[in-house]
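Start counting at 1 in the sequence shown, then tack on 589, and there's your number in my numbering.
Calculated from the structure, these hints are not laboratory results.
You may find that some hints are simply not true.
Label pairs and their computed distance ranges (CB to CB) [to be verified]:
1) Tyr638 / Tyr600: 18 to 26 Å
2) Asn623 / Ala591: 45 to 53 Å
3) Met590 / Leu621: 41 to 49 Å
Just so it is clear, the structure is predicted and the values come from calculations on it, not from any experiment.
For glycine and all other residues, C-beta sits at the position ideal for the given N, C-alpha and C.
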Amino acid sequence: MALIYLKNMTYKLKIIKWLVLLQCFISCNERLSNNKISESDSTELRHNYNRNNNLANTSANNQIQ
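With the hints as extra help, turn the sequences into a complete structure.
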């Protein structure tokens, strides 16, 4: 039972991770197409990705406990 739950959680985390990556990619492409991307914008996107990834990992750890 717990193993099935952990497998499902792993899949959910992978989906969340890829959705966040996709969101960052789309946002980056929109800014690039407008030629308005700067170093601070790309840094912000990277920080947002890291924060969302950490939140997903923390959520999974809390649910496992």
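Hint check results:
no.	hint	in the structure
1	Tyr638 / Tyr600: 18 to 26 Å	holds (19 Å)
2	Asn623 / Ala591: 45 to 53 Å	holds (48 Å)
3	Met590 / Leu621: 41 to 49 Å	holds (47 Å)
The structure is consistent with each of the numbered hints, conforming to all of them.
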